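Heads up: the sequence lines are chains B and Z, in that order. The numbering used here puts the first sequence at residues 1 to 113. The numbering used here puts the second sequence at residues 1 to 116.
In short, the hints are calculated from the structure, not lab data. Just so you know, these numbers come straight off a predicted model, no measurement behind them. Please note that a few of the clues may not be correct.
Claimed, not checked - Listed next, the in silico BS3-like pairs over lysine-lysine satisfying Cα-Cα at most 27 Å (straight line):
hint	chain 1	residue 1	chain 2	residue 2
1	Z	Lys66	Z	Lys41
2	Z	Lys41	B	Lys17
3	B	Lys108	Z	Lys41
Unchecked claim - Label-pair ranges, simulated between beta-carbon atoms:
hint	chain 1	residue 1	chain 2	residue 2	range
4	B	Ser1	Z	Pro40	21 to 31 Å
5	Z	Lys20	B	Arg61	36 to 46 Å
6	Z	Val3	B	Pro82	18 to 28 Å
7	B	Ala79	Z	Lys66	44 to 54 Å
8	B	Glu52	Z	Lys66	35 to 45 Å
9	Z	Met45	B	Pro40	17 to 27 Å
10	B	Ser1	Z	Leu76	31 to 41 Å
11	Z	Thr80	B	Gln14	40 to 50 Å
12	B	Glu5	Z	Gln60	14 to 24 Å
Even for Gly, the Cβ is constructed at its ideal location relative to N, Cα and C.
For reference, the chains in residue letters:
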Amino acid sequence: SQKIEQNSEALNIQEGKTATLTCNYTNYSPAYLQWYRQDPGRGPVFLLLIRENEKEKRKERLKVTFDTTLKQSLFHITASQPADSATYLCALNRMDSNYQLIWGAGTKLIIKP
Amino acid sequence: GAVVSQHPSWVICKSGTSVKIECRSLDFQATTMFWYRQFPKQSLMLMATSNEGSKATYEQGVEKDKFLINHASLTLSTLTVTSAHPEDSSFYICSILRGRGTDTQYFGPGTRLTVL
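Same shape as in the complex, but just chain Z:
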């Protein structure tokens, strides 16, 4: 399967600061990446679909000005949580789609964000 990395694996920040999370596809040029958020004992919630070279598509209820996504290359997508608040504390996970016509997603290890 594809190898996807995320950095950092965990981060603690103060309320009001911004945090950037990187998602890298290490062995595949991914045109499509997904960003999810997961609260404890809850299902994965899709935040946005990121396509290389174009603007991300955000899910209903996800503020695009708060969660900035940049998919600048085929191997890197970044999620920036701007002006973070305690309610943004969650587990953020990215995944990639290995080409069109495939349905399986390969996930990164996730980033635990804690906002104090």
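Isolated chain B (complex conformation):
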């Protein structure tokens, strides 16, 4: 079955540095991968989508890479700020669906001033 792994330990980063989060998946070759941000007690908010034929995508201070050989996506936040502190979720389209998603458990990012 499809499986997504994100580092369950919180990631502590000093303000101004680059934060890098990892998403690994197995048993599948997804058509796309998405990253969302979730604040405590709130629903996720879409950040970026990257398709299988794309290596990298950027949006302001965010960058996502997609390595289909390693079955891994990296999510980078440059010049990190305390306001970037949140849990970041990655999601893949399901093998049997073009629009339903399966989700990682998320990595909690803490940016220290």
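Put chain Z on the given structure of chain B with help from the hints.
Just chain Z, lined up with the frame of chain B:
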């Protein structure tokens, strides 16, 4: 992005009662809505896919008679947790899909259900 609201934002109920949660798409007519459940520090678990005007499609292991979903209009889907028990206590979140061919989901703020 799309604006999705949920009501109530939190609810506490007694065991055995039923609770209805509303999900509204405020600026888009959503033919497809999703209902998720999330336990603390766990991933989002899809419960069901709701299509306007037809019966919801439930995920394996989700009891359709316990979690009643009604997608009566393009802007409203409801989830009713019937005969709630403490193990149903969770964070319930809905999302919408903005049309076919799009892959991004827009989420509501979630509803925290606590069953005593």
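Going through the earlier hints one by one, which of them does the structure break, listed in rising order? When the structure is compared with the hints, none of them turns out to be violated.
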